[in-house]
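Protein chains: 2
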Amino acid sequence: MTEPVAIGETDRLISSDKVEGTRVYNPRGDRLGFIRNFMVNKRSGQVEYAVMEFGGILGIGNEYYPLPWDLLSYDAKQGGYVVDLEKDKLEGAPRYNDGDPTWDEIYARQVYGHYGMTYPLF
Amino acid sequence: MTEPVAIGETDRLISSDKVEGTRVYNPRGDRLGFIRNFMVNKRSGQVEYAVMEFGGILGIGNEYYPLPWDLLSYDAKQGGYVVDLEKDKLEGAPRYNDGDPTWDEIYARQVYGHYGMTYPLF
Chain A
1 MTEPVAIGET DRLISSDKVE GTRVYNPRGD RLGFIRNFMV NKRSGQVEYA VMEFGGILGI
61 GNEYYPLPWD LLSYDAKQGG YVVDLEKDKL EGAPRYNDGD PTWDEIYARQ VYGHYGMTYP
121 LF
Chain B
1 MTEPVAIGET DRLISSDKVE GTRVYNPRGD RLGFIRNFMV NKRSGQVEYA VMEFGGILGI
61 GNEYYPLPWD LLSYDAKQGG YVVDLEKDKL EGAPRYNDGD PTWDEIYARQ VYGHYGMTYP
121 LF
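Quick note, the sequences are listed as chains A and B, same order. Residue 18 in the UniProt record's numbering sits at position 18 of the first sequence; the count goes up by one each step and never skips. Residue 74 in the UniProt record's numbering sits at position 74 of the second sequence; the count goes up by one each step and never skips.
Simulated from the structure, these hints should not be mistaken for laboratory data. Warning: the hint list may mix true and false statements.
Derived EDC-like pairs: lysine to aspartate or glutamate, alpha-carbon spacing no greater than 16 Å straight-line [claimed, not checked]: (1) B:Lys18 with A:Asp100; (2) B:Lys87 with B:Glu63; (3) A:Lys87 with A:Glu63; (4) B:Lys18 with A:Asp17; (5) B:Lys18 with A:Glu63; (6) A:Lys18 with B:Glu63; (7) A:Lys87 with B:Asp100; (8) A:Lys77 with A:Asp30; (9) A:Lys18 with B:Asp17.
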């Protein structure tokens with residue numbers, strides 16, 4: 001380790017209030033954006049969505065993309081998440097900018113369906 | 001429902017930036033305190049600890065108790081978590097007030113051990 005571990009973050013854990021700003025990369029290592037927040041199941045404690053802001057790459061700001069957790073993998077070397085999604089997949093993806101969606105089952109099926117996943121997963 | 005659902009929160013999900021302040025009760029319905037933050041496993045997306053601030057009941061302020069997630073159950077009616085812990089269990093519990101602990105495996109065994117649980121759970 002060449003830098004000190006941030007408060008509220010270790011190699012394994014991250015505090016819910018430090019989630020925002022975690023970087024997101026594509027598999028080539030290009031920086032796509034960053035995490036805005038996680039949506040956590042209150043009962044199971046499992047993160048269901050990571051909401052990401054993809055600013056730079058698409059040339060649009062403040063648009064939030066809810067991604068099913070299983071799309072993400074954590075890359076300890078880069079200290080961020082890797083998502084294997086091409087630009088066209090993101091362009092047609094469910095997103096919002098002003099106020100949160102309802103996060104109900106209909107919305108979940110829409111989001112998961114877009115990424116070729118079945119909801120519920122469990 | 002008699003009140004509107006808060007933004008970033010539904011019956012099922014809560015946003016990582018809205019976790020703070022969620023109330024914690026004992027099984028009798030007494031309010032113990034509130035949640036300060038979750039500690040989330042970056043890879044699995046599973047909450048490992050809920051950190052709770054128990055202010056009023058013990059007469060001490062700003063002390064944070066990391067609790068293994070499995071100690072909590074969510075009570076939709078009260079909109080908060082229920083923890084079945086007597087006062088003496090909390091009085092001797094691992095806690096901190098100034099800066100975060102290291103959150104390493106030694107610390108995890110200490111916390112889980114206090115509550116009669118084995119770490120790792122998975």
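Quick rundown of the hints versus the structure:
no. : hint                  : verdict
1   : B:Lys18 with A:Asp100 : 13 Å, holds
2   : B:Lys87 with B:Glu63  : 14 Å, holds
3   : A:Lys87 with A:Glu63  : 14 Å, holds
4   : B:Lys18 with A:Asp17  : 9 Å, holds
5   : B:Lys18 with A:Glu63  : 20 Å, violated
6   : A:Lys18 with B:Glu63  : 20 Å, violated
7   : A:Lys87 with B:Asp100 : 39 Å, violated
8   : A:Lys77 with A:Asp30  : 14 Å, holds
9   : A:Lys18 with B:Asp17  : 9 Å, holds
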